[in-house]
Amino acid sequence: MNKMKEFLNRNIRQYGMIFALIVIMLFFGIITGGKLIWPRNVSMLVRQNAYVLILAIGMMFCILTGGNVDLSVGSIVALVSAMSGLLTTTIGLAPWLSIIISIITGLLAGMWQGFWIAFVKVPPFITTLAGMLVFRGINNIILNGQTLPLSGLYITIGTGSVPDIAPNRIPEFLRIGDLLNLQNKPEYLNATMLFVGIVLSIVYVFVVLFTRKSKLARGYEVASLKSVVVKAISFFIIINVFSYWLAMDDGLPIMLILLAALYAIYTFIATKTIPGRHIYAMGGNTKAAELSGINTRKMMFLVYSNMGLLAGVAGIVTAGRLMAASPNVGANFEMDAIGSCFIGGASAYGGVGTIWGAIVGAFIMGVMNNGMSIIGLNVFYQSITKGMVVLLAVAFDMYSKSKSRLG
Amino acid sequence: MSEYILQMENITKEFPGVTALSNVTFKVKKGEIHALVGENGAGKSTLMNVLSGIHAYGSYSGDIIFKGTECRFKSIRDSEAVGIAIIHQELALSPYMTIAENIFLGNERAKKGIINWDETIKEAKELIKKVGLNEKYSALIKNIGVGKQQLVEIAKALAKNCELLILDEPTAALNDEDSNNLLELLKTLNKEHGMTCIMISHKIHEVIKIANNITVLRDGKTIETLDNSVPVSEGRIIKGMVGRELTDRFPKHTPKIGEIGFEIKDWVVHDPLNEERVIIKNVNMHFRKGEIVGLAGLMGAGRTELAMSVFGKAYGKKISGKLIKDGKEITLNNVEQAIANGIAYVTEDRKTAGLVHIQDIKRNITLANLKAITNGIVVNEDEEIIIGKDYREKFNIKSTSVFQKVGNLSGGNQQKVVLSKWIFSTPDVLILDEPTRGIDVGAKYEIYKIIIQLAEAGKCVIMISSELPEILGITDRLYIMDEGRVVGEMKTSEATQEDIMSTIIRSSAGR
Numbered sequence: 000m001n002k003m004k005e006f007l008n009r010n011i012r013q014y015g016m017i018f019a020l021i022v023i024m025l026f027f028g029i030i031t032g033g034k035l036i037w038p039r040n041v042s043m044l045v046r047q048n049a050y051v052l053i054l055a056i057g058m059m060f061c062i063l064t065g066g067n068v069d070l071s072v073g074s075i076v077a078l079v080s081a082m083s084g085l086l087t088t089t090i091g092l093a094p095w096l097s098i099i100i101s102i103i104t105g106l107l108a109g110m111w112q113g114f115w116i117a118f119v120k121v122p123p124f125i126t127t128l129a130g131m132l133v134f135r136g137i138n139n140i141i142l143n144g145q146t147l148p149l150s151g152l153y154i155t156i157g158t159g160s161v162p163d164i165a166p167n168r169i170p171e172f173l174r175i176g177d178l179l180n181l182q183n184k185p186e187y188l189n190a191t192m193l194f195v196g197i198v199l200s201i202v203y204v205f206v207v208l209f210t211r212k213s214k215l216a217r218g219y220e221v222a223s224l225k226s227v228v229v230k231a232i233s234f235f236i237i238i239n240v241f242s243y244w245l246a247m248d249d250g251l252p253i254m255l256i257l258l259a260a261l262y263a264i265y266t267f268i269a270t271k272t273i274p275g276r277h278i279y280a281m282g283g284n285t286k287a288a289e290l291s292g293i294n295t296r297k298m299m300f301l302v303y304s305n306m307g308l309l310a311g312v313a314g315i316v317t318a319g320r321l322m323a324a325s326p327n328v329g330a331n332f333e334m335d336a337i338g339s340c341f342i343g344g345a346s347a348y349g350g351v352g353t354i355w356g357a358i359v360g361a362f363i364m365g366v367m368n369n370g371m372s373i374i375g376l377n378v379f380y381q382s383i384t385k386g387m388v389v390l391l392a393v394a395f396d397m398y399s400k401s402k403s404r405l406g
Numbered sequence: 000m001s002e003y004i005l006q007m008e009n010i011t012k013e014f015p016g017v018t019a020l021s022n023v024t025f026k027v028k029k030g031e032i033h034a035l036v037g038e039n040g041a042g043k044s045t046l047m048n049v050l051s052g053i054h055a056y057g058s059y060s061g062d063i064i065f066k067g068t069e070c071r072f073k074s075i076r077d078s079e080a081v082g083i084a085i086i087h088q089e090l091a092l093s094p095y096m097t098i099a100e101n102i103f104l105g106n107e108r109a110k111k112g113i114i115n116w117d118e119t120i121k122e123a124k125e126l127i128k129k130v131g132l133n134e135k136y137s138a139l140i141k142n143i144g145v146g147k148q149q150l151v152e153i154a155k156a157l158a159k160n161c162e163l164l165i166l167d168e169p170t171a172a173l174n175d176e177d178s179n180n181l182l183e184l185l186k187t188l189n190k191e192h193g194m195t196c197i198m199i200s201h202k203i204h205e206v207i208k209i210a211n212n213i214t215v216l217r218d219g220k221t222i223e224t225l226d227n228s229v230p231v232s233e234g235r236i237i238k239g240m241v242g243r244e245l246t247d248r249f250p251k252h253t254p255k256i257g258e259i260g261f262e263i264k265d266w267v268v269h270d271p272l273n274e275e276r277v278i279i280k281n282v283n284m285h286f287r288k289g290e291i292v293g294l295a296g297l298m299g300a301g302r303t304e305l306a307m308s309v310f311g312k313a314y315g316k317k318i319s320g321k322l323i324k325d326g327k328e329i330t331l332n333n334v335e336q337a338i339a340n341g342i343a344y345v346t347e348d349r350k351t352a353g354l355v356h357i358q359d360i361k362r363n364i365t366l367a368n369l370k371a372i373t374n375g376i377v378v379n380e381d382e383e384i385i386i387g388k389d390y391r392e393k394f395n396i397k398s399t400s401v402f403q404k405v406g407n408l409s410g411g412n413q414q415k416v417v418l419s420k421w422i423f424s425t426p427d428v429l430i431l432d433e434p435t436r437g438i439d440v441g442a443k444y445e446i447y448k449i450i451i452q453l454a455e456a457g458k459c460v461i462m463i464s465s466e467l468p469e470i471l472g473i474t475d476r477l478y479i480m481d482e483g484r485v486v487g488e489m490k491t492s493e494a495t496q497e498d499i500m501s502t503i504i505r506s507s508a509g510r
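In order, the protein sequence lines correspond to chains A and B. The numbering of the first sequence is numbering that gives the first Met the number 0, which starts it at 0 and goes up by one. The numbering of the second sequence is numbering that gives the first Met the number 0, which starts it at 0 and goes up by one.
Quick caveat, the hints were computed from the structure, so don't treat them as lab data. Yeah, the Cβ is synthetic: ideal placement off N, Cα and C, and Gly gets one too.
Within a straight-line C-alpha distance of at most 25 Å, the following computed SDA-like cross-link-like pairs (lysine to any residue) qualify:
#1 Lys264/B to Lys280/B
#2 Lys159/B to Gly67/B
#3 Lys212/A to Val378/B
#4 Lys212/A to Ile386/B
#5 Lys324/B to Asn294/A
#6 Lys286/A to Glu347/B
#7 Lys286/A to Tyr314/B
#8 Lys212/A to Lys388/B
#9 Lys214/A to Ser400/B
#10 Lys214/A to Glu392/B
#11 Lys286/A to Thr330/B
Facing chain A, from chain B, some residues (calculated, C-beta under 8 Å):
#12 Glu335
#13 Leu354
#14 Leu369
#15 Lys370
#16 Thr373
#17 Val377
#18 Val378
Build out the structure end to end from the sequences listed, making use of the hints.
In structure tokens:
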């Protein structure tokens with residue numbers, strides 16, 4: 000019992016966020032008459048919000064270093080999308096090559112900023128404010144105010160799904176389409192999605208159980224078998240319900256694979272590697288970190304370079320979804336990303352926050368955006384609502400911290 | 000009206016999981032200086048926070064009676080309104096504002112929101128004189144020393160017309176001279192202006208010198224109030240604080256001194272802000288394995304600067320000289336290299352430079368040597384827990400578990416975490432900078448034991464300390480530094496406090 004309490008205390012913020020996400024989903028699910036959770040809408044939610052998720056992952060690292068932000072990510076998205084237009088449409092490169100070069104452009108933009116921040120010691124806020132103007136300007140020069148269409152691989156990434164391995168074979172056996180009163184009730188399920196869901200969930204359960212066993216064998220501390228089993232079963236169910244849901248629509252979005260990969264890679268970096276640890280430590284106390292042998296300049300450079308890289312990926316994703324490179328793309332993206340991190344529990348002073356939190360925060364923003372659009376709420380009110388949610392999330396955080404602080 | 004200006008009765012204050020104060024009764028007579036002593040975590044600061052309204056009425060139980068009326072302070076403003084002022088260990092001054100502005104910070108001499116500068120300056124001058132501060136009212140806080148800043152704090156309290164002044168460790172950051180001045184000032188204020196003072200202090204000799212009465216707290220309870228009109232002995236107070244008599248303040252050890260493990264040769268360091276200025280002047284030192292070497296000297300003698308410049312050039316510019324470890328010359332251009340070469344530096348300022356307060360015990364311990372628990376790229380967090388538990392047990396780090404954030408630990412336990420961190424980095428040379436500053440007697444003893452264990456394990460231990468009894472009590476040999484140079488070297492067994500002080504004075508007089 001005490002252990003449970005301690006565990007909850009340590010993780011309360013995380014579970015609180017998921018709880019908030021569920022409440023918001025239920026709320027909009029009900030007031031949109033179920034439309035929010037229609038399979039078509041769920042897969043659209045994933046594609047529509049992919050850019051926020053990707054940016055929020057990078058932004059989380061910036062914030063972790065000490066409450067720093069990157070204001071230029073929206074402009075880097077614009078720069079990368081302009082590069083894509085230039086390379087494929089104007090110059091005529093193959094899309095795959097253009098994608099690689101465009102992402103490298105994003106990385107270079109990030110390294111440029113990282114250089115000023117880490118080695119010249121220009122405050123990140125100012126460096127990236129300048130970057131915001133500079134990169135937007137370069138976009139405008141490249142595009143000259145025009146919108147260039149994109150094709151091929153771009154669109155596949157932005158809107159495509161993994162091909163169905165066995166089309167029209169598996170009937171929608173649970174009749175959920177009827178239950179939800181869908182407009183176009185699917186008769187068959189996407190076999191690829193179902194298959195991936197089942198394999199993934201089984202692998203997950205085995206990995207969890209195996210890890211526990213091997214930890215026990217080496218004498219490490221483990222959670223009780225009961226809690227591990229409960230957790231494994233819940234995830235098993237969640238993964239399969241989710242994949243069934245997407246299987247009712249067009250199956251596994253390519254974007255989802257990209258997101259899952261980025262989530263896995265960056266969670267790994269943040270929690271399991273030395274650079275990850277160093278970022279948390281320097282956010283907690285830069286001086287102590289430096290005296291513990293951490294090269295804080297190098298870390299700052301890496302974090303902002305990485306932010307540029309991820310903004311590059313977000314740029315490709317955004318361009319692909321819009322099927323075009325346009326001059327105005329990416330406006331206010333930085334605010335969505337920063338907002339997601341803070342909703343997701345990042346500390347405004349650095350050192351506290353998780354990639355998982357950034358993802359949940361981004362989904363909260365996404366669900367609210369989407370839900371409010373479905374009910375046809377005026378965009379001005381949407382903006383006010385989003386602003387208030389960010390404010391209240393951080394206010395709640397401050398309040399709960401002041402309650403729990405010792406001394 | 001009773002003779003007591005303040006009566007705190009049956010105060011109980013609980014934090015989640017901890018009872019910080021249980022049924023504490025604390026009475027202060029009008030016009031006295033009352034010292035409050037106890038180990039770290041005994042509840043002294045909490046008691047004063049209850050009194051000054053930082054812990055609002057309702058968050059504790061019990062009664063506070065000040066000048067005969069019951070008080071229910073909701074905030075620090077309420078307590079200031081009736082004449083209680085508190086000066087915290089961390090000074091609450093704004094560095095880029097002048098002395099005058101700071102004295103009236105939050106208490107501005109103003110009419111309808113418009114500041115009356117003439118009045119402000121006039122009163123500031125009077126207060127500056129009253130506290131014996133030898134600075135102009137327009138001097139910026141950042142340009143005056145800590146001792147003087149402490150005086151500004153007192154002037155600030157006086158400006159609020161306070162009748163009861165609470166000082167939390169007022170001399171912790173001061174050198175002996177500044178401490179003496181401050182204590183004299185308190186006496187004067189007490190005698191001439193009838194100011195009642197409550198002073199929290201770890202420095203027991205100061206307490207004995209100045210207090211009329213001494214109240215001892217231990218584990219959140221009042222143990223006793225001692226009448227100091229006839230000076231009480233240090234041992235008597237320590238007994239109350241730790242619950243037993245500490246006959247030996249320093250653990251015994253028989254050194255097994257080996258060959259020379261580390262040498263500093265012709266070491267010269269320049270000021271990082273002003274490259275013309277030489278901070279460390281041609282220092283030569285050597286350290287043997289298994290030996291504890293003390294660096295004695297006054298504040299500003301350059302000991303910390305020497306240590307940090309050796310530790311991967313963490314301080315200073317244009318550094319020249321040689322470092323020789325195990326007979327081979329080594330180059331340390333950054334902290335990472337220093338650690339890799341087996342040098343560790345435990346900072347004097349554990350709060351701002353030693354620990355990551357928002358992280359837990361185990362993470363702080365592994366921070367400087369994550370490589371040791373990393374296979375290739377993955378940090379093994381399970382191994383980390385085991386290591387954390389190991390050090391927690393070995394060094395008796397009082398905490399709920401290794402998952403406790405170090406910000407919630409008491410000073411002594413925080414210091415044990417810092418030591419654990421550096422010991423985990425498996426150094427051959429350990430530089431300890433004021434390792435027992437701000438730590439209570441019981442925890443000090445434990446820290447000394449750890450230091451001795453390290454020496455017995457064959458490491459070179461270098462200890463910087465401003466407390467001469469400590470240097471004499473624990474080291475085997477000592478260097479005396481003054482103004483950035485070595486002015487003396489002695490075997491500790493042949494040295495006395497007088498020897499050290501006279502060496503320093505002679506060297507200063509010689510210039």
